[in-house]
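Line by line, the protein sequences are chains A and B. Per this note's numbering, the first sequence starts with residue 24, numbered consecutively. Per this note's numbering, the second sequence starts with residue 24, numbered consecutively.
Incorrect hints may appear among the rest.
A pair holds if it fits inside one copy or across any two, identical chains being indistinguishable in the list.
[What the hints assert, rightly or not] No more than 30 Å apart at the CA atoms, straight line, and that leaves these computed lysine-lysine pairs for DSSO-like:
1. K63 / K173
2. K240 / K166
3. K149 / K166
4. K85 / K166
5. K166 / K141
6. K63 / K205
7. K205 / K241
8. K241 / K173
9. K173 / K205
10. K49 / K149
11. K85 / K141
12. K76 / K150
In short, the hints are calculated from the structure, not lab data.
Number of protein chains: 2
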Amino acid sequence: MGDELILLGYDISMFAMRVSIALDEKGIEYEYREESLDNKSPLLLEMNPVHKKVPVLIHNGKPVSESLIILEYIDEVWNDKPPLLPSDPYQRAQARFWADLIDKKIYINGGRVVWFSKGEEQEAGKKELMDGLKLLEAELGEKVYFGGDKFGFLDVALIPFYNCFDTFERCGKLRIEEHCPKLIAWAKRCMEKESVSKSFAMAHPSKIDEYVLMTRKKYGIE
Amino acid sequence: MGDELILLGYDISMFAMRVSIALDEKGIEYEYREESLDNKSPLLLEMNPVHKKVPVLIHNGKPVSESLIILEYIDEVWNDKPPLLPSDPYQRAQARFWADLIDKKIYINGGRVVWFSKGEEQEAGKKELMDGLKLLEAELGEKVYFGGDKFGFLDVALIPFYNCFDTFERCGKLRIEEHCPKLIAWAKRCMEKESVSKSFAMAHPSKIDEYVLMTRKKYGIE
């Protein structure tokens with residue numbers, strides 16, 4: 024008997040995209056259920072009562088939350104498939120370090136602040152975001168993927184944010200490619216992968232625009 | 024030839040305490056080097072150029088940063104010692120989930136806000152902190168340790184914060200034990216372990232008081 028695997032996501036959630044990309048990359052079958060930000064399903068509230076957020080991966084009835092934790096879970100359960108994380112403990116620690124930095128600098132203190140604030144606060148967010156991107160540009164260096172020749176954990180963790188680059192640039196009056204050409208070339212390479220392009224097909228940038236604009240209006244920024 | 028292992032810490036850092044407790048718990052020898060918050064050593068700046076923060080574990084010259092990532096690293100490298108994380112992938116995901124919640128609710132959005140803000144902002148921090156502690160109280164339930172009968176990953180991740188409970192209570196006018204009696208009983212059990220009591224001996228609560236008071240004055244709260 025097969026595993027029952029359900030992913031609760033939201034089309035433009037970068038965090039849910041991480042999980043769908045990882046599952047598709049490993050060739051694991053799952054059922055995707057779209058949540059609504061405004062009207063969370065009883066199943067989501069039951070499966071993630073603490074944070075009430077997507078993504079949640081429900082494996083045979085048991086929920087796992089928080090995208091990076093779900094990636095590790097997928098790697099550990101489906102360990103007969105090519106791993107996302109490297110096998111060497113030091114390389115694993117490095118991949119986790121940079122993935123954690125994405126959450127902190129590219130999203131929480133960076134991109135989200137660029138989207139949803141103005142003035143001095145937004146300037147600090149712009150700095151944080153660009154610092155993070157430049158650090159990742161340097162970490163990538165001349166490699167094909169962050170995982171070396173293999174698309175791995177850190178690639179999966181970062182690529183969904185490429186979908187936000189346009190709105191980061193527009194809201195923050197930034198020019199990412201000018202400072203991070205290697206990162207943009209890497210993102211375009213990633214987009215050639217079916218797991219990535221499938222996930223991006225659901226999350227058209229115009230939907231991100233719409234969400235950001237709506238939220239900025241709600242916060243009185245526009 | 025043995026490993027060269029250096030831990031850069033700061034005596035009242037809850038995050039550095041996690042690492043020293045984990046190393047002592049596993050019986051791994053290491054050299055501890057005390058950092059100064061005001062005057063960071065060139066070694067710290069070289070080893071953690073991104074965040075410039077303790078703890079950093081330097082293993083044969085190579086640095087690992089971020090306390091929870093260091094705990095995973097220790098578990099993976101010294102895998103001949105009793106593990107901190109459970110072996111079952113689902114249990115591992117749960118331990119990681121709760122450890123992440125500690126960082127978010129007990130520290131970043133909770134305790135730190137209780138310490139360093141006032142008014143409405145502090146009220147929100149108090150709620151976040153108490154919500155987090157009550158969730159952990161429920162997760163602990165009737166178990167001896169979060170890891171069951173064994174002191175494990177989540178125990179190591181949480182116990183250093185027990186050192187802050189007094190100042191959380193004082194700054195926020197909170198009564199933690201009233202709402203979380205099992206958590207306090209658990210903390211007292213943990214304190215009987217040599218790895219924990221050794222770490223707490225360095226970080227006397229009066230030093231936390233001093234740091235919090237000094238920082239509150241700097242922020243103009245007192």
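Hint check against the structure, violated hint numbers in rising order: 1, 2, 5, 6, 7, 8, 10 and 11
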